[in-house]
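Undergrad: Sequence:
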Amino acid sequence: MSDSTPSPAPTQPAESVRAELTRLRESIDNIDAAVVHMLAERFKCTQQVGVLKAKHQLPPADPAREARQITRLRELAESAKLDPAFAEKLLNFIIAEVIRHHETIADETTADQALADETTADQALADRTLADGAR
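Residues 297 to 431 (our numbering) make up the sequence shown, in order.
No wet-lab data here; the hints were simulated from the structure. Just so we're clear, the structure is a prediction, and the values are computed from it rather than from any experiment. Treat each hint with caution, since some may be false.
Taking lysine to aspartate or glutamate and the DMTMM-like style, the derived pairs with C-alpha atoms no more than 25 Å apart in a straight line are [as the list claims (entries may be wrong)]:
| id | residue 1 | residue 2 |
| --- | --- | --- |
| 1 | Lys340 | Glu384 |
| 2 | Lys340 | Glu393 |
| 3 | Lys349 | Glu393 |
| 4 | Lys351 | Glu404 |
| 5 | Lys377 | Glu414 |
| 6 | Lys385 | Glu404 |
| 7 | Lys340 | Glu362 |
| 8 | Lys340 | Asp403 |
| 9 | Lys385 | Glu374 |
| 10 | Lys377 | Glu311 |
| 11 | Lys385 | Glu362 |
| 12 | Lys349 | Asp403 |
| 13 | Lys340 | Glu414 |
| 14 | Lys351 | Glu316 |
| 15 | Lys340 | Glu316 |
| 16 | Lys377 | Asp328 |
| 17 | Lys351 | Glu311 |
| 18 | Lys385 | Glu371 |
| 19 | Lys377 | Glu322 |
| 20 | Lys340 | Glu399 |
| 21 | Lys349 | Glu362 |
| 22 | Lys349 | Glu414 |
Taking CB as the label site, the calculated pair distances span [as the list claims (entries may be wrong)]:
| id | residue 1 | residue 2 | range |
| --- | --- | --- | --- |
| 23 | Arg319 | Glu371 | 30 to 36 Å |
| 24 | Ala407 | Ala330 | 33 to 39 Å |
| 25 | Ala407 | Arg338 | 38 to 44 Å |
For every residue, glycine included, the Cβ atom is placed at its ideal position computed from N, Cα and C.
Work the whole structure out from these sequences, hints included.
TA: Structure below.
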């Protein structure tokens, strides 16, 4: 008869396992840092897009472009063996944040333009007042 008592589970992983975990986690940390830096660069570009849209009174959202981007990203995800549904959720989250930024930029641009218009009107009134007083 053989002994059917299970052997006790090791309490500490082997040194080689710990070393491999450390190596993999360091790679993950580096990739996470790269993702954050890439997102920061992306948002710098989208901020410029938001300013351009606001200056030309274009809407913050562009549903046709967003749909093209989602289709494109899903295809990229499939070719990279990444779940396309996950990639779409990620892009939708990013797009929502971009639109929120664009709305804020548009609101600020509108307020700045209103202030500039008011200042111009005040200056024109002051100029007329001075001109009338000089007569």
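Undergrad: Take the hints in turn and mark each one as holding or not.
TA: Each hint tested on the structure:
| no. | hint | verdict |
| --- | --- | --- |
| 1 | Lys340 with Glu384 | holds, 21 Å |
| 2 | Lys340 with Glu393 | holds, 13 Å |
| 3 | Lys349 with Glu393 | holds, 16 Å |
| 4 | Lys351 with Glu404 | holds, 11 Å |
| 5 | Lys377 with Glu414 | violated, 56 Å |
| 6 | Lys385 with Glu404 | violated, 29 Å |
| 7 | Lys340 with Glu362 | holds, 18 Å |
| 8 | Lys340 with Asp403 | holds, 18 Å |
| 9 | Lys385 with Glu374 | holds, 14 Å |
| 10 | Lys377 with Glu311 | violated, 32 Å |
| 11 | Lys385 with Glu362 | holds, 12 Å |
| 12 | Lys349 with Asp403 | holds, 12 Å |
| 13 | Lys340 with Glu414 | violated, 31 Å |
| 14 | Lys351 with Glu316 | violated, 53 Å |
| 15 | Lys340 with Glu316 | violated, 36 Å |
| 16 | Lys377 with Asp328 | holds, 18 Å |
| 17 | Lys351 with Glu311 | violated, 60 Å |
| 18 | Lys385 with Glu371 | holds, 14 Å |
| 19 | Lys377 with Glu322 | holds, 22 Å |
| 20 | Lys340 with Glu399 | holds, 15 Å |
| 21 | Lys349 with Glu362 | holds, 15 Å |
| 22 | Lys349 with Glu414 | holds, 23 Å |
| 23 | Arg319 with Glu371: 30 to 36 Å | holds, 32 Å |
| 24 | Ala407 with Ala330: 33 to 39 Å | holds, 37 Å |
| 25 | Ala407 with Arg338: 38 to 44 Å | violated, 26 Å |
Violation of the numbered hints given earlier is confined to hints 5, 6, 10, 13, 14, 15, 17 and 25; the remaining hints are satisfied by the structure.
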